[in-house]
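Engineer: Take a look at the letters that make up each chain.
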Amino acid sequence: MSACPHCGEEIATGANFCEGCGAQLGDVSQEAAATLPRVNADVAVPVSTPTMRRTDPPDVVATPRPCSECGGVVSDDGYCDTCGAKAPSERDHFVEAPSDWVAGVCDRGRAHPRNEDAMALHCDAARAVLVVCDGVSSSQDSDVASLAGAKAARDVLRTPLPTGIGTDAARLAAVTKVLGEAAEAADKAIEANTAAESANPASATFTCAVVEVDGSSAIIWVANIGDSRSYWVPDAGDAHQLTVDDSGAQLQIAAGVSREVAENSADAHGITKWLGRDSPDIVPTVTKHGVDGPGWVVVCSDGLWNYASAASALAAQVHAHMPNPPGVIADALVAWANAEGGRDNITVALARVGANVVRKNDSLTPQEAHTNG
Amino acid sequence: MAEFQAAVYQNEFLPDGGTDVNAIVTLTCTGAGVAGQTGSGAAGEIIIIDNSGSMGVASMEAAKQAAQAAVAEIVDGTWFSVIAGNGAAFLAYPHVTAGPGMVQMSASTRAEATTAISQLQSGGGTAIGTWLDLAGQLFTSVPEVTQRHAILLTDGENNEPRAVLTAAIGRASGLFQCDCRGVGVEWKVSEIRRIAEALLGSVDIIPNPSEMAAQFQAMMRAAMSRGVSDAQLRVWAPQGAQVQFVRQVSPTVEDLTTRRTTVNDLTGDYPTGAWSDESRDYHVSVRLPARAVGQEQLAARVQLVINGQAAAQGLVKAKWSNDSELTTRIDQHVAHYTGQAELAQVIQEGLAAKAAGDEATATTKLGRAVALAAETGNHEATEKLKKVVDISNEKDGTVRLKKSVEKADEMALDTASTKTTRVKR
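Taken in order, these protein sequences are the chains called A and B. The first sequence begins at 465 in the working numbering and counts up one residue at a time. The second sequence begins at 3 in the working numbering and counts up one residue at a time.
Everything labelled a hint here was simulated from the structure, so no lab data went into it. Watch out, some of these pointers could steer you wrong.
Examples of chain A residues toward chain B, derived with CB under 7 Å [claimed, not checked]:
#1 C547
#2 K550
#3 K752
Partner residues aside, some chain A positions facing chain B, computed with beta carbon under 8 Å [to be verified]:
#4 D541
#5 Y543
#6 G548
#7 A549
#8 R574
#9 A575
#10 H576
What follows is a set of in silico ranges between Cβ atoms, one per label pair, in the way DEER data are often shown [stated by the list, open to error]:
#11 A:A730 x B:A294: 52 to 60 Å
#12 A:E554 x B:T330: 50 to 58 Å
#13 A:N664 x B:T330: 24 to 32 Å
#14 A:G805 x B:T21: 17 to 25 Å
#15 B:T330 x A:A700: 47 to 55 Å
#16 B:D325 x A:A730: 17 to 25 Å
#17 A:N728 x B:E327: 21 to 29 Å
#18 A:A803 x B:L177: 57 to 65 Å
#19 B:E327 x A:H753: 53 to 61 Å
#20 A:N728 x B:R289: 18 to 26 Å
#21 B:A294 x A:A784: 17 to 25 Å
A quick note: this is a predicted structure, and the numbers were derived from the prediction, not measured. Note that the Cβ used here is the ideal one computed from N, Cα and C, for glycine as well.
All chains should be built: construct the whole structure from the sequences, respecting the hints.
Structural biologist: Shown next, in the form of structure tokens:
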């Protein structure tokens, strides 16, 4: 096995193309290349036509890790054979770190019995895809459905966004269409994981950021349904929330109520849009943001922003843990939200724009990633 | 093939700093089959009949008929023998002086045994220790017999020193199970209960000799339906935890806490004996080191183990929570059986106080018993208590001791004290 020079994905010996980004590999003759599907991240692809969709290999059944509390053997029933501690399930706490500049942590939190948040990340040479779905806890199966949804959206976005036909408006239209397709794929996956007879069908929020990095500047495409959020947190200067919630609180804010009052009101967390079988509208709000200078794109569920809603408050938490690789910062933010009470599931995904100060020892080991719990 | 199922009833939520976890584990067996015919070894039955001098003519005749009725219930192929016991134990059947002391049931051995029983005569004293010892020797004389069960009938107080009987009980414990019955009112409930509890059997009074045959028939029929020869209740508790008690709470209260045999540092086995198609409830209480609010852990793994294999498993959990609505709830099964276990205790203590002439204590204890029986819906206990006390307020447990009480009624209350009712679901 070797790594793709473009995106770092592992490559099977003798492969002509990278499974991750589709880049051509090694010396391929013109004749041979002509017979193979031509997919290349560096070449413009037709507007909104996915040229290659890849689904993840089946989730690997995790071998039982030793008990996180005492190091004992964890029994088949999920409890430590020595101290009885409940082993966190893979679903309750997981980490994705597709590269040294993109990582995320998805955690059950303290109060909820299961983790209905979901996260799916992808990255290639200069592009990161961060998808977060927050399963609505009043519905059945929403833990399974939200994860299926996040992965389905991520898989759509593995293909680079279309470049359009030249004008900004055309590109926005083309990207909007693709992000709409990603939301639609997530919606389909959520419905596919909803029991037919369910009176309370699974539903989830959807937020995704596609970050196209060019040196120390970037274009961030954001699509949103519900009240999970994306933020831009520059190393210096003011942070911004990139998404607008589809929520009761947001309706009040739009009507002139202060953010603080609105977010503490009774129906603040009622969402006005969502994905799932009973959703009236699955078209995401798509926005484009050009950023210049180093910083972090943060995509998170309300389990985090409940404790730091204002962009400046969230930025303060991110800055408090710099400099560090993204996985370490995500882990620290989850740990902080848990320390604040962990009242909801917590998901944090980060992508770096510009050089990260820390460029050594930045591959997370699973052990480090599980220090929180 | 026998199958077991486990169900756990508990409130797993503990308050901040809470340490004690209580759970009722219900184990249910189906498809038990017939004793000795499930491939796990042969079954052996020994009938032990008191033929001491105190057995009057009527009692002796009834005892013989009862033994014969029991013999009739023993399934063909089952190994069996009959012991006649007074100041010493005699092998009434089979007629052997060496080698295996049991024979297999068949038409001819059944006829021979019936005849042998009819020739028994009464005389001499009562040395129950010697009866148990002979039964043990007979069982071990046939190595293929692995499921060992005896029925013991007596009518009088044991003549042996307490320590002698205790030693004999010790030798019999784990070797065979024994259901005990007392006929008349001259025997001592506490003494016979000691034998039955140690040997995982039942104890009851047969006030009238005429009821003996039916009782023996029923006992033997029940024994023959126990197709699962031996099972242990295995309890695992985490490091640093303390198993406070393990008791069977249904169909009767039997404290198993001191019967623990160590499997490893964290695990112990408690004997449950043979199983038929039946359901039993166990109360397990564990004290844990407290964890932080929001944490969850396993407080106990409760398994039924047959031949070293877990046939069923129940998980007792602990979750620490700040929500007092969750943490203050008491599981109704735990509450019910906690009440029933106390009921058994106060009945026994009340009757002991009454026998010792301490009327004040007897009144308090039996009053409490009346209240508990009403609270937990144990109507059988209420009926039996009514024969010993006059109830003026059932709920408060205000009672007066009856002036004259039939001895048999008092003994019936005593023997039945450990019988529990199930939770209404």
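Engineer: Run every hint past the structure and note whether it holds.
Structural biologist: Against the structure, the hints:
1. The interface hint given for C547 of chain A is met, as the beta carbon of that residue sits about 5 Å from the closest beta carbon of chain B, less than 7 Å.
2. For K550 of chain A, the shortest C-beta to C-beta distance to chain B is roughly 4 Å, which falls under 7 Å, so the interface hint holds.
3. Nearest Cβ of chain B to the Cβ of K752 of chain A: about 41 Å, over the 7 Å cut. The hint is violated.
4. About 6 Å separates the beta-carbon of D541 of chain A from the nearest beta-carbon of chain B, less than 8 Å, and the hint is met.
5. Proximity of Y543 of chain A to chain B holds as hinted, the smallest CB-CB distance being about 4 Å (cut-off 8 Å).
6. Contact between G548 of chain A and chain B, as hinted, is supported at the beta carbon level, the nearest pair being about 3 Å apart and thus within 8 Å.
7. At about 5 Å, the closest approach between the beta carbon of A549 of chain A and any beta carbon in chain B falls short of 8 Å, and the interface hint on this residue holds.
8. The criterion of a C-beta within 8 Å of any C-beta in chain B is met by R574 of chain A, whose closest approach is roughly 4 Å, and the hint holds.
9. A distance limit of 8 Å between C-beta atoms decides the matter here; for A575 of chain A the minimum to chain B is near 7 Å, and the interface restraint holds.
10. Checking H576 of chain A against chain B: minimum C-beta separation of about 10 Å lies over 8 Å; hint violated.
11. As the Cβ distance of A730 of chain A to A294 of chain B is approximately 30 Å, the hint placing it in 52 to 60 Å is violated.
12. The given range of 50 to 58 Å is broken by E554 of chain A and T330 of chain B, whose C-beta atoms sit roughly 34 Å from each other.
13. Against the hinted window of 24 to 32 Å, the Cβ-Cβ separation of N664 of chain A and T330 of chain B comes to about 29 Å, which satisfies the hint.
14. Checking the proposed 17 to 25 Å range against G805 of chain A and T21 of chain B shows it holds: the Cβ atoms sit about 24 Å from each other.
15. Take T330 of chain B and A700 of chain A: their Cβ atoms lie about 52 Å apart, and the range 47 to 55 Å holds.
16. In this structure the hint that D325 of chain B and A730 of chain A lie 17 to 25 Å apart at CB holds, the actual value being about 20 Å.
17. About 24 Å separates the C-beta atoms of N728 of chain A and E327 of chain B, a value consistent with the hinted range of 21 to 29 Å.
18. At about 59 Å, the CB distance of A803 of chain A to L177 of chain B agrees with the hint of 57 to 65 Å.
19. Distance hint check: the CB atoms of E327 of chain B and H753 of chain A are about 46 Å apart, inconsistent with the given range 53 to 61 Å.
20. In this structure, N728 of chain A and R289 of chain B break the distance hint of 18 to 26 Å, their C-beta atoms being roughly 42 Å apart.
21. Separation of A294 of chain B from A784 of chain A is about 24 Å and conforms to the stated range, judged on CB atoms against 17 to 25 Å.
In terms of the numbered hints stated before, the structure departs from hints 3, 10, 11, 12, 19, 20, listed from lowest to highest.
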